[in-house]
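Undergrad: Sequence:
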Amino acid sequence: MPDAVRQRLDAAGLNHRPILLSVDTDVSLAGDPRHEWLVVTPDHLSVTDGHDTLRSVAWPAVDRVRTTSGVGGGSLQVRADGVWIDLIRYSNALATRFHKVSRALDKSREGITAGLPDGLEGVDGPLDPPACPTCGLRLQTADDACPRCLQKGQILRRVGGLLAPYARGSVLLCLLTLIGVIAELVPPKLQQYMVDDILSATGREAGGGLPDFKTALLVVVLALAFSRVLLAVVGAFKGRLTSAIGTGITSALREEMVRKLQSLSVSYYDRHQVGSMISRVAHDSEVLHGLMHQITGGFLLQIVQLVAVGGMLVWINPKLAVFTLIPVPLVILGSWIFWRHVYPRHYRLWDAASKQMTTLSGMLSGIRVVKAFAQESRELDRFHGASDHLRRWRQWVENTNTTYAASMQIVFSLGGLIVWYVGGRDVIGGSMTLGQLIAFLAYLAMFYAPLGALSNFTTWLTSFLSGSKRVLELLDTPALIDEPTSPQPWNDVQGEIRFANVTFGYDRNQPVLHDVSFEVAPGEMIGIVGRSGSGKSTLVNLLSRFHDVQEGSITVDGHDIRTLSTRDLRERLGIVFQDSFLFRGTIWKNLCYGRPQATIEEGLTAAKAAGAHDFLCRQPLAYETLLGEHGAGLSGGEKQRLSIARTLLSDPRVLVLDEATSNIDAEAEKAIQEALAVLVHGRTTIAIAHRLSTLRNADRILAFDRGRLVEQGTHAELLVADGVYARLVRIQTQVTKQPTVDTLLAEQQAEPADTSPDTSPEAATPAAAGIAWLDPDHARFSIGDQERIEMRSAAEGTAAAVFVIRTFPATHPEAYLSVRGWDEHGDEIELGMIRALDAWPAGDRDVVRAALRRRSLVREISRVNDVRLVHGYLDFDVDTTGGRYRFTTRWTQSQAFDFGTEGKMLIDTDENRWVVRSLDGLPGPDRERFLQYVYW
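Quick note on the numbering used here: the sequence shown kicks off at 858 and runs consecutively.
Hints in this document: simulated from the structure, not taken from any laboratory.
Warning: the hint list may mix true and false statements.
As the list claims (entries may be wrong) - Straight-line distance between alpha carbons at most 20 Å, and here's what the computed EDC-like set of lysine to aspartate or glutamate pairs gives:
1. Lys-1212 with Glu-1143
2. Lys-1326 with Asp-1339
3. Lys-964 with Asp-1372
4. Lys-1176 with Asp-1283
5. Lys-1527 with Asp-1436
6. Lys-1446 with Glu-1459
7. Lys-964 with Glu-1408
8. Lys-964 with Asp-943
9. Lys-1117 with Asp-1405
10. Lys-1446 with Glu-1486
11. Lys-1446 with Asp-1471
12. Lys-1212 with Glu-1236
13. Lys-1117 with Glu-1143
14. Lys-1176 with Glu-1143
15. Lys-1117 with Glu-1330
16. Lys-1326 with Glu-1516
17. Lys-1117 with Asp-1333
18. Lys-1326 with Glu-1112
19. Lys-1446 with Glu-1428
20. Lys-1228 with Asp-1238
21. Lys-1446 with Glu-1458
22. Lys-1446 with Asp-1642
23. Lys-964 with Asp-920
24. Lys-1527 with Asp-1471
25. Lys-1228 with Glu-1486
Produce the complete structure using the sequences and hints provided.
TA: Right, dumping it as structure tokens:
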């Protein structure tokens, strides 16, 4: 603390007590740049600038301390005598400092006012966040590398490290490059010998030792031919090796970048645009592929050529070699100017490309909203603006490159003209032979070619360094969720959860949760309610370690979740999100996403328990139906039930429902409620809900408001308390016209026992939902009147108009068959399933196969006679099990997709289905013909 401040405190009579804390700020309350000091003693909180005591508040009058945010800064406030007072202001550069001070003062308020000497707590460690000691840039942790101080030499060293796994291949490439350069040096020297010693009359007279000039000419020509062949062979091997290493490095780098993206916390994705990340992985990673081409055919080759060819020039004519160096200073000067002028602009070019990708990604991701509000022209204008911005910068860079290249050509032509003049005079004067001049000019072209390419090297280097820096920035991004070095095992999962004094904010200086503490017993279901923004979903993010708590701790079965492997933690948590994200792929792959090794019977049982089985069977290919982006093809309620089935299949001990029934209609909610009743039984469950009907079976309810836990208890207890929860019940009942929780409970109790969800102990497992498996001992199939399919079973009696569908038509065409009919309302219902048709008598098999053919008209292709591409359409001529056909389909991935693991299904222009069950089953020429056009 400065002496002036201490003197000011003495003058105010505040320095006779011990100073618990003193901290300075950089702005006044009015926002003017000025140093002010907050001084905390056991009696007062005082602010001084060293000349005057600006503000002072007695501790006994203070009942709360907090920070508030504004634009560019914030204020530390105290509530004294019921009034909030701005005690001191700060810029955002000091936000972390004053947030820590505020937390410490608020926590320690009672201890200070009680006169405890160690009353101030919570200011351990530095007040300000870590920063780079060189440039002052703020870092996430003290161990982070500063991206601003990453020098170009460091970039090259880091990129060189990525090449380490390919060291042997790189050495071989360098050896092939050296062989190629040596082979290129031979022809000009042979040409000199041929002109001077064989073709010229003077040479023949002087070289009388040669027995046969025609034979010598043939030998020289053959040597020239051999050198050309050697160059071609070396070039072919070098090209193949370059491609293998370049593509391998690029692929490995992309995988490393994606692995890094997966390791980053969810907060990284909150701050960065998806389009920009895709651009880095897809385009910036190509810099290493370009580097390999530069090594083999770029700067390394050019440097070796310059040295070797320069030596040959000096050997042939040292004087003339000096004249060839006249353009070199101009090339160096031009390259330096180009580097200084163009290098910074390459960042703008990369940024413009990234923004175009982001604009397009956002438009396509929200295409439904764009079309719903008829804003296509507006989005097109936005994309046009981004594209035009990219066009201008690309044109500027390319124009500069072109101008620079043309200037270098003029410089090099000047050097060639000088050599022609000086060398021609030497030939006329007799000091140099014609063959020497021809050889010198050939070497000169070989000398200026790499020199010109090296002058263009700066163009590539600017692009390479900017792309590499963007790649390394991603790879160097710290993972805020650190994996424990020695994770504790979590084997005996009971499901006990404890939040202890948890404080967290997405902006570290603006907490969303404040000192939250509660416990959940094993097997208990608690409901969490509160208005929007009260921090409910944040609890899910913290429990799943999408973010880490900033203060306090979260434990499961006594283990701090930060000591557990995130993989173990998340595998034992089952989360049903408000937005049920489904991947592009088959329904089965989405269902088994959390448990890929699940058996088909386990998956069917989980879908049945979640109320998803029936509507999945109504899809065109049942469980093997291909879904579009984000589950396109299913309704919101269907996607939610499929998401519940996915969670049920993973059989978690701890279940989290994050607004699982929001944004769906009442009928879908009822189906989901029944699925949830099975899902939550016997599991520790945290259910977050706006619709309070979701919490009808909760053992306890926690009410949150402004990030604080304000109430907890049963439904009845909270209604009596008449607080936040009771207010939410009244609002939801009056405004949304939904029945109260009491009414819902009464209705549930009044329902017949056979229609209520089965919550018996047997229902704790997915198997309780029960697939009704049919067997030949209890069910038989036959064809009745009007050729209708009938099933007779001991349980159902005679069922008329039965039909059968394949649930896995591609992979199990005669297994897991769903036998279905209609109820008295005309609604489709399942009567049972057949595990394996081959276990049934022949007569029943024939009837079931006939039933399958009635429901599925798919022609199976056995031969592909011809395929022709005509203006974006494919004309097929095929043989099928039913004869020869010709059909036309659009040449697009949406009309030809995977059918199982080995086949393809085609949809023609009339929406008919054609299937190749196994591509390997086609004759070789047919398969080649098919894959020439359908290769995705």
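Undergrad: If a hint holds in the structure, say so; if it doesn't, say that too.
TA: These are the hints, each one checked on the structure:
Our distance criterion of 20 Å between C-alpha atoms is met by Lys-1212 and Glu-1143, whose separation comes to about 18 Å. Annotation: proposed proximity of Lys-1326 to Asp-1339 is violated, straight-line Cα distance about 24 Å (limit 20 Å). Using a Cα cut-off of 20 Å, the hinted pair Lys-964 and Asp-1372 holds, with the two alpha carbons roughly 10 Å apart. Taking the CA atoms of Lys-1176 and Asp-1283, the gap is near 11 Å; set against the 20 Å cutoff, the hint holds.
In summary, the hint linking Lys-1527 to Asp-1436 is supported, as the alpha carbons are separated by about 18 Å, within the 20 Å threshold. Taking the CA atoms of Lys-1446 and Glu-1459, the gap is near 13 Å; set against the 20 Å cutoff, the hint holds. The suggested pairing of Lys-964 with Glu-1408 holds, with an alpha-carbon distance near 12 Å, which does not exceed 20 Å. For the suggested pair Lys-964 and Asp-943, the alpha carbons sit about 19 Å apart, so the restraint of at most 20 Å is met.
A hinted pair counts as satisfied when its Cα atoms are at most 20 Å apart, and Lys-1117 with Asp-1405 qualifies at roughly 18 Å. With a CA separation close to 14 Å, the supplied pair Lys-1446 and Glu-1486 stays within the 20 Å bound. A C-alpha spacing of about 18 Å is found between Lys-1446 and Asp-1471, which places the hinted pair at or below 20 Å, so the restraint holds. About 14 Å separates the Cα atoms of Lys-1212 and Glu-1236, which keeps this hinted pair within 20 Å; it holds.
Annotation: proposed proximity of Lys-1117 to Glu-1143 holds, straight-line Cα distance about 17 Å (limit 20 Å). Under the criterion of a C-alpha separation no larger than 20 Å, the hint pairing Lys-1176 with Glu-1143 is inconsistent with the structure, at around 45 Å. For the suggested pair Lys-1117 and Glu-1330, the alpha carbons sit about 11 Å apart, so the restraint of at most 20 Å is met. Distance check on the hinted pair: Lys-1326 and Glu-1516 sit about 41 Å apart at the alpha-carbon level, beyond 20 Å; violated.
Simply put, Lys-1117 and Asp-1333 have alpha-carbon atoms about 9 Å apart, close enough for the 20 Å limit, and the pair holds. In summary, the hint linking Lys-1326 to Glu-1112 is supported, as the alpha carbons are separated by about 17 Å, within the 20 Å threshold. At most 20 Å may separate the alpha-carbon atoms for a hinted pair to count; Lys-1446 and Glu-1428 meet this at roughly 17 Å. Restraint check: the Cα-Cα separation between Lys-1228 and Asp-1238 comes to about 15 Å, which is no more than 20 Å; the hinted pair holds.
At most 20 Å may separate the alpha-carbon atoms for a hinted pair to count; Lys-1446 and Glu-1458 meet this at roughly 14 Å. Straight-line distance between C-alpha atoms of Lys-1446 and Asp-1642 comes to about 41 Å, which puts the hinted pair past the 20 Å bound. Restraint check: the Cα-Cα separation between Lys-964 and Asp-920 comes to about 11 Å, which is no more than 20 Å; the hinted pair holds. Taking the CA atoms of Lys-1527 and Asp-1471, the gap is near 15 Å; set against the 20 Å cutoff, the hint holds.
The suggested pairing of Lys-1228 with Glu-1486 holds, with an alpha-carbon distance near 17 Å, which does not exceed 20 Å.
Checked against the numbered hints listed earlier, the structure breaks hints 2, 14, 16 and 22; every other hint is satisfied.
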